[in-house]
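K.L.:
Read off the chains here:
Number of protein chains: 2
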Amino acid sequence: MSTEVSHQPRTGATHPGPSHTAPDDVAAAVAAARAAYPVVSTATPRDRRRWLDAVADTLDAHADELVAIADGETALGEERLRGELQRGVVNMRYYAAVGESGDWLRVRKQTLPGPPPIDLRRANLPIGPVAVFGASNFPFQFGVVGHDTCSAISAGCPVVTKAHPAHPRLSVRLAELTRSTLAAAGAPDGTYSLVVGFGAGTALVDAPEIAAVAFTGSQAGGMALVDRARRRERPIPVYAEMGTVNPVLVTPAAIDRIDEIAAELVASFTLGAGQFCTKPGLLMAPAGSGVTEATATHVASSPGVWLLTEGIAAAYRDGIDDLVTAGGTLLASGQTMPSGYAAQPHAVTVGLADLRPGSRLLGECFGPVALVAQYADIDEALGTLATLQPSLTGAVYGAGPDDPDLPRAVERMAAQVGRVVVDGPPTGVACADAMHHGGPWPSTSDPRSTSVGAHALDRFTRPVAYQNVPEMALPPALRDADPWGLDA
Amino acid sequence: MSTEVSHQPRTGATHPGPSHTAPDDVAAAVAAARAAYPVVSTATPRDRRRWLDAVADTLDAHADELVAIADGETALGEERLRGELQRGVVNMRYYAAVGESGDWLRVRKQTLPGPPPIDLRRANLPIGPVAVFGASNFPFQFGVVGHDTCSAISAGCPVVTKAHPAHPRLSVRLAELTRSTLAAAGAPDGTYSLVVGFGAGTALVDAPEIAAVAFTGSQAGGMALVDRARRRERPIPVYAEMGTVNPVLVTPAAIDRIDEIAAELVASFTLGAGQFCTKPGLLMAPAGSGVTEATATHVASSPGVWLLTEGIAAAYRDGIDDLVTAGGTLLASGQTMPSGYAAQPHAVTVGLADLRPGSRLLGECFGPVALVAQYADIDEALGTLATLQPSLTGAVYGAGPDDPDLPRAVERMAAQVGRVVVDGPPTGVACADAMHHGGPWPSTSDPRSTSVGAHALDRFTRPVAYQNVPEMALPPALRDADPWGLDA
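Those protein sequences? They're chains S and W, same order as listed.
The first sequence begins at 142 in our numbering and counts up by one.
The second sequence begins at 142 in our numbering and counts up by one.
If we strip away everything but chain S, and leave its shape as in the complex, we get:
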C-alpha cells in the first residue's frame, strides 16, 4: 500500500503521511455517503445547522493543534494560519445559518388558473453526495472542511472529500475531528468522509453515487475533472474554481497615490507567498506615473517565502523564466530563504502589446510575482483588458467618484471578472450573501457558480417542480403546514 508523503516546506524534510485509500475503501465511503443522503437531505435545516455548529466548536477548540500541523506542512506561518482557522470557523457558522434560513430552497408556490386550476410548487432540493477537492493554498478555508464542504452539507448533501497532497496530515486530522463531531451531533454515518491519494480522487469522480464535484485549484486540474465527469455514464456537474491572472488598472487621475497603491499591491501579490487565487497578477498604470520605480522599491524589500510544495516551487522558477522568454523583463526581486521550497518575490515589466491572447504572460504564475505594464492612453489599457482571459476578480484604483475614467474602467473590468474592487487589492474574500467568488471560464467551469457566500449552496441543489401533489406527498419545504418554519 503506498502512502502520501508529508512535506515540511521550510526544510524540504519529508515524513510518512497517511496511506492511500484502497479502492474498496473509496467504494465504501461513497456507498456510505449514498446511504446517508436520504437522511441528510431530509434532516431539518435546524439539525444540519446544529451539526455544522458542532464541527465549528470542535475545530475552534483544537486550534493550537491544527495550526501546528498546518504550519508544519505549509509554512504559511502560525499567525496567518490561526487567523485563517478562525475565519474558517466563522464561515462554518455562516453556512450553518444560511442553510437554516432556507432562502437557498427558493420555494415558489402558485395556483395556475384553470380550468381546472393547477397547484404548482418548486424548490431547490439537495442534489446527492458531493465529492470535494480542496485547495492547497487555504488549508482551512478552502480545504477539506472549507467552503465547499460546509455549503454542501448545509444544503443537505453528504460529502466525500479528498486529502490534499500539500497537507495530508492536516487533512486527515481535520477529517477525524469532523467525523467524530458529526457522529456525536447525530449526523448519520457517511455524512462526511475523507479519501487519500490521486487514484482515490479519480475514483470519486467516477463513482455512480456521486452527484456533483467541487474543486479549487489549477486550470489543468479543474479541466481534467470536468472532462472526466463528462465521460461518466451519467455526466455530472463539476464546479471548478481555477487560478487566473487578476488584473488591476490604475486610472490617470490616481497617479498621485502611486507609491501607496504599489505598496498595497506588492503586499497583496506576496500575501500567503503569492498563492492566492485572487492574487493581483497584472498591474496596468499610466506611463510616467512612477509605477515601475515604486513597485521595484517595494518588491526589493519583500521577504523571501516558502512555497507549499517542491512542485509549486519548481513551477514558480520555471514560470518566471517563461515570463521573461515570453517578452517580460525582470524589474525587481525580493529576498529569498536559505532552505526548503524557497521563493523570491519578483516583478516583471511587460509591454501592453505583448499581452496578446495565447501569450504565456496571460496565464497564472502561482507564487509571489506580478506583471507591470504601462499605458500611454487609458483607451489602450481598456482595449488590452478586453482581450485578456477572464479572471476571478480585478481591481480599479481611481481618484474617487469624480474620476471621469472610473465608470468605464469598472464596466470593462466587470465584463472580464466575477468581482470588481475599487481602491483596494483583490485579495480578501468575505463570506457574505452579496459575495461572488467565481467568474467566466477559465476562472470557473460554470460562470453562474460561486464557491463563497450564500449562493455557494446553489451548486449542490437542483430544482424540482411538484404539480398537483397532495400535501402529505410533498417534501417538507413545500408543504402548506410549513414544518420547517420557512414562512416565518
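What the hints contain is simulated information worked out from the structure, not anything from laboratory work.
Ideal Cβ placement from N, Cα and C applies to all residues, glycine included.
A couple of the hints might just be wrong.
[Unchecked claim] A few chain W residues that face chain S, going by a derived Cβ cut-off under 10 angstroms, partial list only:
1) Ser143
2) Val180
3) Lys250
4) Gln251
5) Leu253
6) Arg263
7) Asn265
8) Leu266
9) Pro376
10) Arg560
11) Gly580
12) Ser590
13) Thr591
14) Ala595
Place chain W on chain S using the hints.
P.N.:
Chain W alone, transformed into the frame defined by chain S:
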C-alpha cells in the same frame, strides 16, 4: 450556394427553402449581436419589455399566415398550431414582464462590518450574445422565437438563432417579423437574427462572440453541442434540454381508474404525433389491473399521424423494431396515414426485468409509442424506477391523499425527474414562476437549468460582485438611486 429544403409531411413533397447562410454572413450576424450587446444589456428592463411585447403583437397579428406556413411544414394541424402560437404569444408577454420585474437580477446589497466597512453588492448581469437552437416539435413555443429567445432577450442578451430544418420557411418568416418589429420598437440592430444551415449552426457555437448556447432537441444533438463548446478556446455554457423517456407509475390503489388513466396516457403519448419532450414513454401499473387491455383498446382506436420529417419517420420505424429486438412485445397499433411521413401509434409491453441500465428500452423513441410494464409488487416498480435514466418529468397516478404508496412513489419519482405530476399526464408545461422544465442528465446538460418559466432567464446571466464601487460606476440595477425602480 446550397439551400434548405422545405418538406410537406402530409405528402412528402418538397419545396426549395431558404439559402444556407454563408460563413461571412454568420460572422456578420454574430458581430452585430456583439455590437448590440452593450445596448441591449443596459437598456432598461422596461424598454426590453416593450420590445418583446411588440413582437408578441406582431406575431399575434400574423397568426393566420404563420399557422398556415407552420401547418404546411409540420402537419401538426391548424388547431394545435393556432393554440400553440397563442400560448407562445402569451409566453412572450410573460418573459417581457418577468424581465421588467427585475427579480432575476437577484440584487443583494450589504455593508460588511469593518474596520473599514465594505460596501458589497451583487447582481446577475446579462452574459452576452446567445446562440439559440430551437426544437422541431414546437415551432412556436420552442422555435426560433420561443422560450429560449424570449428569456435571453428579456435578460438583456442579443440572440442569434438557427432555423430548424423541419420548418425553415416558418423560421425565416418568424425571424423577418421579429427583426422588423424589434427595429421599429427601437431595439438595436443585432438584437435578433437568424442563420440557416448546419454549418451556420456549428459556426455559431464556435464564434468567440457567443457567450452561451441554448438547445432543445435530441440527446445526440445536445451533447454534440456541449462537446463542441467545450473545445472552444474559451469554453461557454450550453444549456441543452434533451429527449427522455418520462415514466408514469400507477399505484395499486388507483387500479379502479385504470381505463380512464390508460385513455389519458394514450392521448398524452400520441399528442403532437408523440413528438413531445414530455411524452410519457413508460407506464408501470399493477399486474392484473387490466392496464394492457385498456391501453391496447385506446391505442387501436388512435388515428394515424404524420411525423415532422422523413428522418424522424424512419427513425421511429427503426425505433419500434429496436424496442421489440430489445425484449419488447408489440401490444397494439393504431391507424396510419396513406401518404407522406406517416406513422402508426404503438404500445409495447415489456417486463420490468428488461428495463436494465443500458437497454435500448430506456432510450427515447421519438414518436407515438409508449412501453407498458406490469409489476407484481410496488417495491419492485420503485426499485426499477431508481435504475432508469433520469427524465424531464414523470407522473404518479394514485388514489388521493389517503393512498399509502403515494408519498414514496412521489419521492422516488422526484429523485429521477425535474417535475412530478400527480393524477395527470406529464405533457403540458405551463410558463410560470414555479415551473421547472429541466432535470438531471440526460434530460438536460445542466441540472440546475430550466428552459421554461421565470428561472429560464438565469441561464443567460452571470453574477458580478462590486466591492466599494462608487454610485456612478455601478450598473443601474445596483445603484442606491434605483433608476429601474426595482425596490418599488
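K.L.:
Could you run down the list of hints and mark each one as holding or not?
P.N.:
Hint by hint, here is what the structure shows:
For W:Ser143, the interface hint is violated, the least distance from its beta-carbon to any beta-carbon of chain S being 33 angstroms, above 10 angstroms. The closest approach between the C-beta of W:Val180 and any C-beta of chain S is roughly 13 angstroms, which is over the 10 angstroms cut-off, so the hint fails. Against a cut-off of 10 angstroms between C-beta atoms, the interface hint on W:Lys250 holds, since the closest Cβ of chain S lies about 6 angstroms away. This hint holds: W:Gln251 has a C-beta 5 angstroms from the nearest C-beta of chain S, less than the 10 angstroms allowed.
Annotation: interface hint on W:Leu253 holds; nearest CB of chain S at approximately 5 angstroms, less than 10 angstroms. A distance limit of 10 angstroms between C-beta atoms decides the matter here; for W:Arg263 the minimum to chain S is near 4 angstroms, and the interface restraint holds. For W:Asn265, the interface hint holds, since its Cβ comes within 10 angstroms of a Cβ in chain S; the closest pair sits about 8 angstroms apart. Satisfaction of the interface hint for W:Leu266 is found here, the shortest Cβ-Cβ separation to chain S being roughly 7 angstroms, below the 10 angstroms cut-off.
This hint holds: W:Pro376 has a C-beta 5 angstroms from the nearest C-beta of chain S, less than the 10 angstroms allowed. Given hint, W:Arg560 at the interface with chain S, holds; its Cβ is 4 angstroms from that chain's nearest Cβ, closer than 10 angstroms. A cut of 10 angstroms between beta carbons decides the hint on W:Gly580: the least distance to chain S is about 8 angstroms, and the hint holds. With a cut of 10 angstroms, the hint placing W:Ser590 at the interface with chain S holds, because the nearest CB-to-CB distance is about 9 angstroms.
Residue-level restraint check for W:Thr591 holds (minimum Cβ-Cβ distance to chain S is 7 angstroms; threshold 10 angstroms). The interface hint given for W:Ala595 is met, as the beta carbon of that residue sits about 8 angstroms from the closest beta carbon of chain S, less than 10 angstroms.
When each numbered hint is compared with the structure, violations occur for hints 1, 2.
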